[in-house]
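J.: Following my numbering, the numbering of the sequence shown begins with 14 at its first residue and continues without gaps.
Everything labelled a hint here was simulated from the structure, so no lab data went into it. Be aware that one or more of the hints could be misleading.
As the list claims (entries may be wrong) - Calculated cross-link-like contacts (lysine-lysine; reagent style DSSO-like; alpha-carbon spacing at most 30 Å): (1) K53 - K148; (2) K45 - K95; (3) K53 - K15; (4) K45 - K16.
What the hints assert, rightly or not - Per label pair, the in silico range of CB-to-CB distance: (5) V124 - Y42: 36 to 42 Å; (6) E136 - L39: 17 to 23 Å; (7) A30 - G67: 21 to 27 Å; (8) Y122 - H32: 17 to 23 Å; (9) T129 - Y65: 35 to 41 Å; (10) D195 - L59: 14 to 20 Å; (11) L27 - D107: 20 to 26 Å; (12) I26 - V124: 37 to 43 Å.
Remember, predicted model here, so these are calculated numbers, not experimental data. Backbone N, C-alpha and C define an ideal beta-carbon position, used for all residues, glycine too.
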Amino acid sequence: MKKLIPWLLFTIILAAALHLFGMWYLPNYLTKKTVDGIYKRRGSWLVNQIGYGGLRFAGTDTVVRDNPDTVTSFAVYDVSEKPMRVRCVIPDRDNYWSLSLFAWNTDNYFVVNDRTAKSKDFELVIVKSGSKYQKQGQEEIVVSPSEKGIFLIRMIVTNRDDKDEIARLAEVQKKTTIQLIDNVQY
């Protein structure tokens, strides 16, 4: 039995270390590397600013196996000091639209799409856990499990060859904005 105790302790310590590595370090590391790759293509590492992407073409994917008929908007947000307001506009036609929020550890904690949104234009405010921010008007409050995270909007293009549709979606895309909210108790 005495020979078994060191092995049991070693196994427990190793299991705890592997668990911490796999559940905490690895997801955070992978998010950082993915974001670094996206921003390397953009030319700068901007926080709390939306990057508006166009249609994808073969060989240009940052995200492997992403839908080639998707137009995306992407941002890294940081709500450590101030809440962030997101003003969303959904396309009028039958283009699928979704907004997803991801914690820095890759957990997807909020999704709204064109069918579940309460209106074609709406506001949500992302706050950190424990925030004292008070809801104003019709905005929806979303509590982020991490101070930094990922903001992603996807819109499906029904016809890649329709230049008018692509231009229309690009206009809708740029109507979605994010901004930090000043002068509020946080």
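J.: Mind listing which of the numbered hints don't hold for this structure, in increasing order?
T.: 1, 3, 4, 5, 6, 7, 9, 11
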